[in-house]
Each structure stands twice: as C-alpha cells, then as structure tokens.
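Sequence lines, in order, name chains A and B.
According to the working numbering, the first sequence is numbered sequentially starting from 68.
According to the working numbering, the second sequence is numbered sequentially starting from 3.
Treat the hints as calculated values from the structure; they're not laboratory data.
Here the structure is a predicted model, which is why all the values come from computation and not from measurement.
Among these hints, one or two may not hold up.
[Unchecked claim] So the derived label-pair ranges between C-beta atoms look like this:
1. B:Thr75 to A:Asp250: 25 to 31 angstroms
2. B:Ala34 to A:Gly290: 52 to 58 angstroms
3. B:Gln45 to A:Leu284: 45 to 51 angstroms
4. B:Pro38 to A:His319: 39 to 45 angstroms
5. B:Leu60 to A:Glu315: 53 to 59 angstroms
6. A:Asp267 to B:Val58: 16 to 22 angstroms
7. A:Glu263 to B:Pro83: 45 to 51 angstroms
8. A:His272 to B:Leu27: 20 to 26 angstroms
9. B:Val51 to A:Leu110: 25 to 31 angstroms
10. B:Gln45 to A:Gly190: 26 to 32 angstroms
11. A:Arg146 to B:Thr75: 38 to 44 angstroms
[Claimed, not checked] No more than 25 angstroms apart at the CA atoms, straight line, and that leaves these computed lysine-lysine pairs for DSS-like:
12. A:Lys326 to A:Lys78
13. B:Lys21 to A:Lys252
14. A:Lys231 to A:Lys241
15. A:Lys252 to A:Lys231
16. A:Lys78 to B:Lys18
17. B:Lys21 to A:Lys255
18. A:Lys78 to B:Lys50
19. A:Lys255 to B:Lys18
20. B:Lys18 to A:Lys252
Glycine is no exception: its CB is placed at the ideal position from the N, C-alpha and C atoms.
Here is what each chain is made of, one letter per residue.
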Amino acid sequence: MARIIVVTSGKGGVGKTTTSAAIAMGLAKKGHKTAVIDFDVGLRNLDLILGCERRVVYDFVNVINNEATLNQALIKDKRCNQLYILPASQTRDKDALTKEGVGKVLEELSKTFKYVVCDSPAGIERGANLAMYFADDAFVVTNPEVSSVRDSDRMLGNLSSKSKRAELGEEPIKEYLLLSRYDPKRVKLGAMLSVEDVQDILSLHLLGVIPESQSVLSASNAGEPIILDENSDAGQAYLDIVDRYLGEDKPHRFIDEAKKGLFGRLFRS
Amino acid sequence: MSLLDYFKTTKPNSAKVAKERLQILVAHERNARNQPSYLPALQQELLKVIQKYIKVDLDAISVNFDSDDEQETLELNIVLPDHTDS
Numbered sequence: 068m069a070r071i072i073v074v075t076s077g078k079g080g081v082g083k084t085t086t087s088a089a090i091a092m093g094l095a096k097k098g099h100k101t102a103v104i105d106f107d108v109g110l111r112n113l114d115l116i117l118g119c120e121r122r123v124v125y126d127f128v129n130v131i132n133n134e135a136t137l138n139q140a141l142i143k144d145k146r147c148n149q150l151y152i153l154p155a156s157q158t159r160d161k162d163a164l165t166k167e168g169v170g171k172v173l174e175e176l177s178k179t180f181k182y183v184v185c186d187s188p189a190g191i192e193r194g195a196n197l198a199m200y201f202a203d204d205a206f207v208v209t210n211p212e213v214s215s216v217r218d219s220d221r222m223l224g225n226l227s228s229k230s231k232r233a234e235l236g237e238e239p240i241k242e243y244l245l246l247s248r249y250d251p252k253r254v255k256l257g258a259m260l261s262v263e264d265v266q267d268i269l270s271l272h273l274l275g276v277i278p279e280s281q282s283v284l285s286a287s288n289a290g291e292p293i294i295l296d297e298n299s300d301a302g303q304a305y306l307d308i309v310d311r312y313l314g315e316d317k318p319h320r321f322i323d324e325a326k327k328g329l330f331g332r333l334f335r336s
Numbered sequence: 003m004s005l006l007d008y009f010k011t012t013k014p015n016s017a018k019v020a021k022e023r024l025q026i027l028v029a030h031e032r033n034a035r036n037q038p039s040y041l042p043a044l045q046q047e048l049l050k051v052i053q054k055y056i057k058v059d060l061d062a063i064s065v066n067f068d069s070d071d072e073q074e075t076l077e078l079n080i081v082l083p084d085h086t087d088s
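Based on the provided sequences and hints, a complete structural model is requested.
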C-alpha cells in the first residue's frame, strides 16, 4: 500500500509544484519507489519543473479515459530510477478528472509504489478537491503572507471535511506545514510573519521552513528539482523535510538569519 | 532614551498587524465553516415573514449557530425599530 501525499495550499504561486518535485525526488533518492502526479489539468507544469516536458506522450486523463495504460503514461525519471511522473493533460479542462477515475489510478499505483505525491492545482475546484480526496498526508505549503495563510486555513477546513477519510469517518489526514519563501531578515525587522505567528494561527505541525532563495528559479530554469542542488539553502531545506517526514529528528534550520563571517561582512552587501 | 530605542519605536511592525488581522479573520471563517449551510436562506425567509408585520431590514435580524460537545444552539435575534407603525 502506498502512502498518498497531497501537496496543497489553496493560493497559487506559493511553491506547490516546486515542493512536489522536490519531495518526490527526495523520497525516490532515499530508495522509495515514488510516483508524482500533476493534477493541474489544462495548466500542467510539473513536467517542466522536473525537466521531462519533451518526453510526455500520454497523460493522466488518457489513463482515466482508458486511452492509454498507466505504464504507457508514466515517465521514468532519468536521474533517479525510483521516480515516475504522471503528467496532467494540457488540452483538457479540470472536469476531465472524475473521482472514480482518480481513485482507480491511485489504487493501481498503490500496488507497486511506496509513495504517491499529488501536486494539487491552486483554488478549491475539482482538480484541487480530487488531489486531496484520497490523501493520507497533506503538505500544506504556505508563504508568510496574509492571503496565503488565510487560504491555507481554508484548505485545512476542506481536508477535514471533504476528504475520503473524513467522509468515511477514518483517522483524519495528517497535516504538515511547509513554510516557504521565508526571509529571516524581514521577520527580524517585523516586516514578515514569523514561523511562530503562522503556527499560532494554523496550529500545524511544522515539517520545515524553506528560505526565499534565488536557487529555486535557477533550478526551475534548468528543469532540475531544487532538492538536487544540495549546496543551496532551499535544496538543503527540502532534504531536511524529507528526512523529517521519514521520521528523522532534525533540528529546524533557516529560521534565523545566517551569521555572516568577517569575509561575508566585508565583501557582501 | 537611546538612539537605538528611537529607531525601534519608529519602525512600523507590519507583521504584528498582519497577525492580528489574520487571527480575527481566521476565527471568524472557521466559525462560519462549522455553521449549517441553510443559515443564510433561513435568515432571508425569516426576514420576509417578519417584514409582513414590521418594518425591519436584514441587519435587524441575526441568526447565530453555536455548537459545543454538549449541544447545538440556534439563536435568533430581532431588533425592533424604535417606532412601529402598525
């Protein structure tokens, strides 16, 4: 049985796809067979972030409509043989996804995969609802910013009322907070919500803080998941997140401003 | 007062404002989420009935739903106008 993880946020542009690509690659590199599914039908981008956009032949909707088998549609990652990508359809709209269809695909994936990461689209429409419906765990990606925090809270409401686990009265979805685009410098100045502020409001278990980092754009430019850039702060943040998710006890990093050494102070701004 | 304190007090702490706004908003929205979906319709219909007899507007009627472990309460509150022309 696979563990199904939904990466969600409500608000767009907070880093759902970046996070999905990173943690899927992270789990796969740890030796766990992992599939990552793009639920953003009509606006697929996970393929770009993972650098496999030219290898897409069949997609998620093709599989649901029995136009292709799951094995035909799954793209095996070239960097890590434990990672498979199921791209979204670019030509359909979100109504092409059905609860039965998604359920069938997830069930089939569960037979051979250890983890299935569902990259949710923004919003609270069908695509987003189906991405979280079957989830066991939810990674709630939030920016330290009012609209993102509010939307995350809304998604938490949906997770606890509109998911399969909620409907069947089973153990609720495990919810984790991933605070991204965090800037300790601005937090210190009182110009950005702190980790504690966001936790006070959302009362979620913190899985990790991802610092605002230029390396994220470089990674997406190149189609390399950020977690492969092990020298970057954001890459390390995701490595920690995967370790913590797998049960390792790692102290949180990137919450406080990095202390600059003498050289840093002399030669940097 | 030192020079440092002067800078501290003049700096606007927008994060604090953001947190306060969010706490109020999120509490309000969580409450609204737990309410039954028929509440707005109920409020509208009650208003129509009451308006047959008394001149009141929508904000004169509040319908509140509260629930704890023990019980659920539906509270209806109608504020009558100062002078009723019946």
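Is 25 to 31 angstroms right for how far apart the beta carbons of Thr75 of chain B and Asp250 of chain A are?
-> Between Thr75 of chain B and Asp250 of chain A, where Cβ atoms are some 45 angstroms apart, the hint is violated.
query = Between Leu60 of chain B and Glu315 of chain A, is the Cβ distance one that fits in 53 to 59 angstroms?
reply = Taking Cβ atoms as reference, Leu60 of chain B and Glu315 of chain A lie about 56 angstroms apart, which means the hint holds.
Is it true that Arg146 of chain A and Thr75 of chain B lie within 38 to 44 angstroms of each other by Cβ?
Because 58 angstroms falls outside the window, the suggested range is violated.
task = For the pair we were handed, Lys18 of chain B and Lys252 of chain A, check the Cα-Cα distance against 25 angstroms.
result = Given pair Lys18 of chain B, Lys252 of chain A holds - Cα atoms ~15 angstroms apart, limit 25 angstroms.
For this session: State, for the Cβ atoms of His272 of chain A and Leu27 of chain B, whether the hinted interval 20 to 26 angstroms holds or is violated.
Result: Once the Cβ atoms are compared, 22 angstroms apart, the range 20 to 26 angstroms for Leu27 of chain B and His272 of chain A holds.
(message) Check whether the Cα positions of Lys255 of chain A and Lys18 of chain B lie no farther apart than 25 angstroms.
(response) Distance of about 12 angstroms is within 25 angstroms: holds.
Proposed proximity, Lys78 of chain A with Lys326 of chain A (alpha carbon, max 25 angstroms) | Measuring from Cα to Cα gives roughly 32 angstroms; hence the hint is violated.
Assess, step by step, whether the Cα of Lys252 of chain A is no farther than 25 angstroms from the Cα of Lys231 of chain A, and give holds or violated.
-> 41 angstroms, violated
Pair hint Lys78 of chain A and Lys50 of chain B, alpha-carbon separation not exceeding 25 angstroms: 38 angstroms, violated
Task: Proposed proximity, Lys18 of chain B with Lys78 of chain A (alpha carbon, max 25 angstroms) - done: 22 angstroms, holds
Next item on the list: Could you see if the CB distance from Asp267 of chain A to Val58 of chain B stays within 16 to 22 angstroms?
Entry: Violated: the Cβ-Cβ distance is about 40 angstroms, outside 16 to 22 angstroms.
- prompt: Does 45 to 51 angstroms hold as the CB distance between Gln45 of chain B and Leu284 of chain A, or does it fail?
  reply: At roughly 49 angstroms between Cβ atoms, Leu284 of chain A and Gln45 of chain B fall inside 45 to 51 angstroms, so the hint holds.
In terms of the numbered hints stated before, the structure departs from hints 1, 2, 6, 9, 11, 12, 15 and 18, listed from lowest to highest.
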